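2 protein chains.
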Amino acid sequence: MSDTIPYKIYLSESEIPTAWYNVRADMKNKPAPLLNPASGKPMTASELEKVFCSELVSQELNDTDAWIEIPSEIRDFYKMYRPSPLVRAYCLEEALGTPAHIYYKFEGNNTSGSHKLNSSIAQAYYAKKQGLKGVTTETGAGQWGTALSMACAYFGLDCQVYMVKVSYEQKPFRREVMRTYGAKVTPSPSMTTEVGRKINAEFPGTTGSLGCAISEAVEAAVSQEGYRYVLGSVLSQVLLHQTVIGLETKTALDKYNITPDIIIGCAGGGSNLGGLISPFAGEIIRGEKDYQIIAVEPASCPSLTRGKYVYDFCDTGKVCPLAKMYTLGSGYIPAPNHAGGLRYHGMSSIVSQLYDDGIIEARSVKQTEVFEAAQKFARIEGILPAPESSHAIKVAIDEALKCKETGEEKNIVFGLTGTGYFDMVAYQSFNDGTMKDYVPTDEEIEASLAKCPKVDA
Amino acid sequence: MSDTIPYKIYLSESEIPTAWYNVRADMKNKPAPLLNPASGKPMTASELEKVFCSELVSQELNDTDAWIEIPSEIRDFYKMYRPSPLVRAYCLEEALGTPAHIYYKFEGNNTSGSHKLNSSIAQAYYAKKQGLKGVTTETGAGQWGTALSMACAYFGLDCQVYMVKVSYEQKPFRREVMRTYGAKVTPSPSMTTEVGRKINAEFPGTTGSLGCAISEAVEAAVSQEGYRYVLGSVLSQVLLHQTVIGLETKTALDKYNITPDIIIGCAGGGSNLGGLISPFAGEIIRGEKDYQIIAVEPASCPSLTRGKYVYDFCDTGKVCPLAKMYTLGSGYIPAPNHAGGLRYHGMSSIVSQLYDDGIIEARSVKQTEVFEAAQKFARIEGILPAPESSHAIKVAIDEALKCKETGEEKNIVFGLTGTGYFDMVAYQSFNDGTMKDYVPTDEEIEASLAKCPKVDA
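Line by line, the protein sequences give chains A and B.
922 is the number that my numbering gives the last residue of the first sequence; the numbers go up by one with no jumps.
922 is the number that my numbering gives the last residue of the second sequence; the numbers go up by one with no jumps.
Isolated chain A (complex conformation) (with noise of 0.2 Å):
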């Protein structure tokens, strides 16, 4: 331990981005077009100004500006936060006897428990400008639901928010944290939206899909005066919000005139891996810089290492703008793998498109062998990750044994996305040692992928 280094490098407040990074303008293939699923065309500002908050709009259709300013109202929010530490795993590395060195940023430091409330201020900061009167929105695991509830608390904005029934029931803290928080949390399905009463009606006693929440949280923006739906993932406006994420992450490294070698996310929708890698992305674009960047997603759900690059709907409801993204189509059902924010079918257009690029690499790995992982980091290095998290730490551990094999001391930088107090059933199953591990048959996903809509783009 006589390195300089420390074990968390923190930045001053007066090192927060004051501009998020837009890697897309400098991506030499853009990722595709939103498509009107009626038309077939690509969707224009004022169609999707219907549903979205414009200022958003406008961000998620710009593809030319590569740095979009961070207004100030949402940068002294993020000072309550932010920085968010850059830990340097002295403790995993001396207890894997490895050479390499393991940096992780975390964002688990804030009561939401994740990354999402980089995005759902900035979201609910442009709703608030617009005049709005309030946001809807859909949750599953809960993490994305709490952030928003957070964010609409502090600017004044009401806060809908349609859990997955299931989810509802299961997880009766992640919904009371949002009610102490002042937002409406509703079951989905449920008989307040006629989609709601519609499934209701066809399938008696469904526990629910995040599909069908996302299908209410729409619903319910259209159908109210001066409300607006917003989204915690997939979206390029989302990504985009969480490259302080990555910007922050490079401050600190060169601070301490580090390179990594290596850089290592989770994949669910892809927000969260999007953020920590664009700047380390465009540098690689740009042919300034090379790295090795792995994308990491569950065996149950694999839609980069396992589907398809096509367009496809965003929601088993179908009523979103068609996407082109690696996807196993919109009606696959993922198994039921506890790391609730990984389990989307699809995958961020921008992601998808730096996969198909060859820029970023992506790698599946099995529920059980994520918690031992996460156990593993737990009781070394004192932070309890979130199931999503612990994809990322156990694809860091296998390259850091790599290196023991070889002798290389690399640099590993992983993003450590939220912590996993939410979760303890999900440890219990694997403490108790009844956790399975799925993989679908290449018969189930081609299946799925059969059901993707035929577009020529």
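It cannot be assumed that every hint is accurate.
No copy labels: a pair is met if it fits in one copy or bridges any two.
Unchecked claim - Cut-off 25 Å, straight-line C-alpha distance, at most; resulting in silico cross-link-like pairs (DSS-like, lysine-lysine): (1) K649 to K901; (2) K875 to K544; (3) K663 to K594; (4) K544 to K720; (5) K841 to K594; (6) K663 to K649; (7) K598 to K841; (8) K544 to K841; (9) K544 to K473; (10) K841 to K593.
Because the hints were derived from the structure by calculation, they are not lab data.
Bear in mind that the values here come from a model prediction, so they are computed numbers and not experimental data.
Mind docking chain B on chain A? Use the hints.
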């Protein structure tokens, strides 16, 4: 927000204290010694060493050395989550419209969720150094058990936790965190100890109590080769370890030339309060400075404000030494207040003596007004506080509002000891409007105090 003081004052790792401050060395009236209940004489080191680790016994009995060096192994662990930030509550000040400046020392940013880790890592270190196999303890709400599990995992010690049965059943997530860290968690009263079997036979179906769990943990420690019993509050050694809170707070304040006018902490067993205020109380005792120090306790368990300063049993099972302290009587059963960490019948002997000497004052607050403050704080400052910590928030807000009346620009500092992620049942009862207040009658307290042992010391 033009102030040059940042939202969060972070110290560097080199500013983590190198020694704990032992306020007893400076106290003119020393806390009264622990007594052997059989002989009525002060407990000797060799008597205490049958139950406690030797080095910790020596700390417990030390009232001459003002500074006790922190071993480098403990400081290395501290570096994983310390220094903790001293936060300027700009948003709360603005929301209250107060000219006061409010600061809080936030100890919740670690997986145990509270300050408890500061002492558990020290106690585990000394147990390891003594060559022990493991330690035993009791836990009620679960913060201490979690902190001890983490510390034992780090040093490779066996950890046996007796968890009050009603908590074990109602807080399965706390239990799973401890299991994830490798601890063996047993619901108390159990059938694995003599005292547990006796209590189960006498009171079939009992859901347990902290007093019973203490008795079981002590029996388990003395009946196993290579084990000792450890405790998370009340004892002077625990308060000593917690002085890292106060020392860091003082360093951070000094860095910006801030002199606190009021220092506020919640008080259960007294260790976090004592740790926060020790360096400041030392200055008062030595005649160097003057501060207003306020201990805040629940109206349902008002040991300082309505108890008596006498010798009493530390546990309901009466297996521990007698301590002179402000107490409500060891048989006092507080109403089911949700601040589990503040339900102890007595108070640290150091805090009791400082209170008796008029160096600190005390205030009691009701549960519903505490949760009103907690909700307000969560929405404005973005941190969901533990019910215990929210007692300090309530009084800090009260004092800031007094400043609004008078126009005084006081500096108010309070200890935010932890987060409330595992206390959502309490928040739910507040959100639902079903939370009740309870204040004991004078007769109830007198009846309980009448059962204190008659000791003339």
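Consistency of the hints with the structure:
no.: 1; hint: K649 to K901; verdict: between (34 Å within a copy, 24 Å between copies)
no.: 2; hint: K875 to K544; verdict: between (32 Å within a copy, 23 Å between copies)
no.: 3; hint: K663 to K594; verdict: neither (35 Å within a copy, 66 Å between copies)
no.: 4; hint: K544 to K720; verdict: both (20 Å within a copy, 19 Å between copies)
no.: 5; hint: K841 to K594; verdict: between (45 Å within a copy, 23 Å between copies)
no.: 6; hint: K663 to K649; verdict: within (22 Å within a copy, 49 Å between copies)
no.: 7; hint: K598 to K841; verdict: between (46 Å within a copy, 21 Å between copies)
no.: 8; hint: K544 to K841; verdict: between (31 Å within a copy, 19 Å between copies)
no.: 9; hint: K544 to K473; verdict: both (17 Å within a copy, 8 Å between copies)
no.: 10; hint: K841 to K593; verdict: between (43 Å within a copy, 20 Å between copies)
Going through the hint list in order, the structure does not satisfy hint 3, though it satisfies all others.
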